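Visitor: Take the sequences, apply the hints, and build the full model.
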Amino acid sequence: MQKIGELIGKTAKEQRIDREKEESIEFYVESIEKKTEMRKINRDKEETIQSCAKSIDKTPQPKQKFFL
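Take the sequence shown: its letters are residues 0 to 67, numbered as in the working numbering.
Misleading hints may appear alongside valid ones.
Unchecked claim - Straight-line C-alpha distance at most 25 Å; calculated DSS-like pairs for lysine-lysine:
1) K44 / K57
2) K20 / K33
3) K20 / K9
4) K39 / K53
5) K44 / K34
If you're looking for bench data, these hints aren't it; they were derived computationally from the structure.
Fair warning: this is a prediction, and the values are worked out from it, not measured in the lab.
Guide: What follows is the structure in structure tokens.
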């Protein structure tokens, strides 16, 4: 009877360990997905900034008059 209890206990412990491993893997995957998404957002921001900078460079600048 005690051996059955030990086997059930080990099985429950192993199940807990497996569940914790699975949760840890899920957390790691979510973390990587978030980092990837943030990199994409930052890349998009950088591309937008570059595009704006190019369009500003192409915009004719008014001639400035200097008075001395």
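Visitor: Go through the numbered hints given earlier and state which of them the structure violates, listing their numbers in rising order.
Guide: none
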